[in-house]
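Novice: First to last, the protein sequences are chains A and B.
Anchor point for the first sequence: position 212 equals 212 in the working numbering, and the numbering is continuous, going up by one each time.
Position in the second sequence (first residue = 1) + 390 = the working numbering.
Since the hints were made in silico from the structure, they are not lab data.
All residues carry an ideal CB built from backbone N, CA and C; glycine is no exception.
Don't take each hint at face value.
What the hints assert, rightly or not - Distance windows between CB atoms, simulated: (1) B:Gly432 <-> A:Pro240: 43 to 49 Å; (2) B:Arg751 <-> A:Thr385: 42 to 48 Å; (3) A:Arg77 <-> B:Glu555: 38 to 44 Å; (4) B:Ala424 <-> A:Arg77: 38 to 44 Å; (5) A:Glu120 <-> B:Arg751: 45 to 51 Å; (6) A:Ala261 <-> B:Ala424: 23 to 29 Å; (7) B:Asp610 <-> A:Asp184: 36 to 42 Å; (8) B:Glu709 <-> A:Gly274: 25 to 31 Å; (9) A:Ala131 <-> B:Asn688: 44 to 50 Å; (10) A:Arg193 <-> B:Ala777: 44 to 50 Å.
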Amino acid sequence: MTRDVLVIGAGIVGAAIARSLARRGVTVVVVDRGPAVGGTSGAGEGNLLVSDKGPGPELELAKYSLGLWRTWAAELRTELDARFASIEYVAKGGVVVATSAGGADALRGFAARQQRAGVEAHFLDASEARALEPELGPAVVAGVHYPQDAQVQPVIAAEAILASARRSGARVLPGTTVTGPEVDRSGRLVGVRTTKGTLRADVVIVAAGPWSGEVARTLGGTLRIGPRKGLLLVTARMGPRVRHKVYDADYVGAVQSDDRALQTSTVIESTESGTILIGSSRQDVGFDGRVEVSVLRAIASRAIGLMPFLADATVIRAYGGFRPFSPDHLPVIGPAPGVPGLWYATGHEGAGIGLAPATGELVAASLLGETTALEIDPFRADRATLSGAA
Amino acid sequence: MVTSAHVWSIDSDGVHVMVGEADGEGRESRCYRAAAVVLATGAHDRVLPVPGWDLPGVYSAGGGQALAKGEGVAIGRRVVVAGTGPFLLPVASSLLDAGCAVAGVFEAGRAGHLMRRWTVRPWELLGQPAKVLELGRYGSTLARRRVRYATGCAVTAIHGGQRVEAVTVSRLDASWAPRPGVGETLDVDAVCLGFGFSPRVELALAAGCRLDDRHFVMVDAQQRTSVPSVFAAGEITGIGGVDLALCEGTIAGHVAAGGRGDDSVLRVERRRRKVLRAFASRLQGAHAIGPKWTDWLNDDTVVCRCEEVDVARLRSVVETSESLSLRSLMLQSRAGLGSCQARICGRTVEELLLRTIPSHRLVGEGSIDRRPIASPVRLGEIAQSRAFEVEG
Ligand SMILES: Cc1cc2nc3c(=O)[nH]c(=O)nc-3n(C[C@H](O)[C@H](O)[C@H](O)COP(=O)(O)OP(=O)(O)OC[C@H]3O[C@@H](n4cnc5c(N)ncnc54)[C@H](O)[C@@H]3O)c2cc1C
Ligand SMILES: Cc1cc2nc3c(=O)[nH]c(=O)nc-3n(C[C@H](O)[C@H](O)[C@H](O)COP(=O)(O)OP(=O)(O)OC[C@H]3O[C@@H](n4cnc5c(N)ncnc54)[C@H](O)[C@@H]3O)c2cc1C
């Protein structure tokens, strides 16, 4: 029986695990070397998507998680202090558009497979797409409407989940770096050493985002998780001109790509404060966080291609971070091979905000021996596709 | 020399510039690659929030000065100037020249403290005749025009319906806490506030330069930053006035162009830089912001004007989330996320958050000055921006 759990990483995944465990009465401590939500969860967008996922385990995880998001958003609102900032959960739906006949065919084919897997998807011709999104430019030839897509403000959402976990008894220790394992005579991991002393636990869970591989190694495990850099642009406040989340169909291609060179695919979303977020890029350049104009240029051109009015939008900020990606683009959720007492919950790449609640529930339910809502097996850490070239 | 040139990014491709009026159409995009870059982006004046400072008619001291001196515009009929630092004197003087009546200049530092700080190591002042004379000149202008100058006083509230109608001036103790009792009310229609200067370091940060713990760019004796081939001079390395900026600029330019920092042609600049820096640190000490200035804030005093975030909101995000991350707290409160990107309120937001956090510390290296887009650009301009240097 698991009584004490230590979670490494206070990003949204660690927060969700802490909440799910604490609400089941487990004693949880979350450590982070920085502040809470100072890693990738504070460096991206908050799209909660089914639209970008083809049939398979990740889509199932996403469908489950989007349902949980709806409940969690409501629970958090009633549970937390009325002064707590809004997590800005909006189930606004997404519109994916294609700009070429070939692209339109591919998109329709993809959406048809998604429909068979239970995703709500409505085909749109060019004028139907423009009826939903009047600012779409002439380049758009077809689209698909995904009503299930939603969004949150990811930083506030992660803080809210963490605050909720604390209400159920979880402790959060920021500024605490994990430096090594604490092992008993049988070789079982019984805790970790940190810069603030040793912390003991029945189970240690690595939820350290793109740094998970490094943390796993520190604790005697092997885990191939790499950083995939992404940059975004933020405009000054403008009127409400973008209603849904709008992406180009290449988004699908980029997520599942193994190409290491720069790729961009457009994601345009308006936020509650009136700004528009324009993303995003994907680049495998290690943890090099510099903002490069060449990348911004590519993001900007593509976004204007979809929505020409954006050419006049004033950009006030650029930011970005590192998506935690696994070699086969599936999250890793489950016990660490070869290190009893250690678990992994990471590798969510560009979907960790969306997939966090499901990850939390899966981990908590499996640790407590409950039946899980979903097969956890496809995400296990000893699957063959994980040991391929990272 | 390229004027109306806005550097909006520095990256590994070079220095990215938009040339033309800031909001104008058809700005020209350029990208410069150079063997050396000298950063001399200066500073802007800092304004501490005061209840009512978001009313029309409230200016930063530098803003008021620029309108008065640069454009001959009188910002009001009767104006008060308040804050700290010798800069208040030239501001008042320019206001007079532009035709404003100046109802008073209120220096928050107390006379005793200013005297002590100004007169430590008096021999250092001997190297400063120009500086001291300059301030003396402003002082005598104000005296001649019978402008009231008071130390140990601050504007602690600004009143008005549609715009500024009056201010409350309070006496302060040594820590800048307003003394108990009602302040004095002055009828004015404009206010200039100035509390020293904040360096404009976004380009230095984009270039990767290290800052000191007061957020100035660190330089060595040759004005070199921590990044090879990147130099810095002027107010971004420390607030010291125009003469110091000139010395540093001369040295930086000389070395950046391939000269040596110890060349004999720079002898005068090296000596003057030393003297002027000593003078500057004297000013810093004399006009440091008192810790209890926050006592004059109310819960509903706006801190971030772009996003209309007040004192109570900053406190509530700290209390409800227990976050120690500057970025998270800014996102939760929305302070500093508006169009000025925390240029005006950043330091203040950070300070108020730190005071509310029980441990009085933030965790993580996030800098409020990190603005990879150093000046606003349109998305279309980014899309069309030049990637490579073009000659001519
Ligand atoms: C540009 C961009 C856009 C994105 N857009 C979306 C989107 O629209 N929708 C979506 O769902 N996802 C999106 N993502 C992905 C999403 O942000 C991530 O999948 C998610 O944040 C991962 O969360 P995490 O908790 O696993 O990792 P993190 O948030 O990175 O948390 C890991 C934590 O571990 C800590 N840590 C590391 N090493 C140690 C150590 N040794 N000791 C202690 N602590 C340690 C770190 O400090 C960090 O806080 C985007 C990402 C980027 C970069
Ligand atoms: C109104 C006013 C009155 C003053 N009066 C006195 C006085 O009487 N005596 C005295 O000793 N000192 C005075 N000072 C201070 C003096 O002006 C400064 O010490 C001096 O100008 C500092 O020089 P600098 O080169 O460091 O910065 P600045 O003179 O401020 O120059 C910085 C320049 O960089 C430019 N810049 C910044 N960012 C960018 C970017 N991204 N792209 C392109 N360009 C950029 C700015 O537009 C500006 O022109 C006064 C200052 C002000 C504001």
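Novice: Against the earlier hints, flag every one the structure doesn't satisfy and list their numbers going up.
Specialist: Hints 1, 4, 7 not satisfied by this model.
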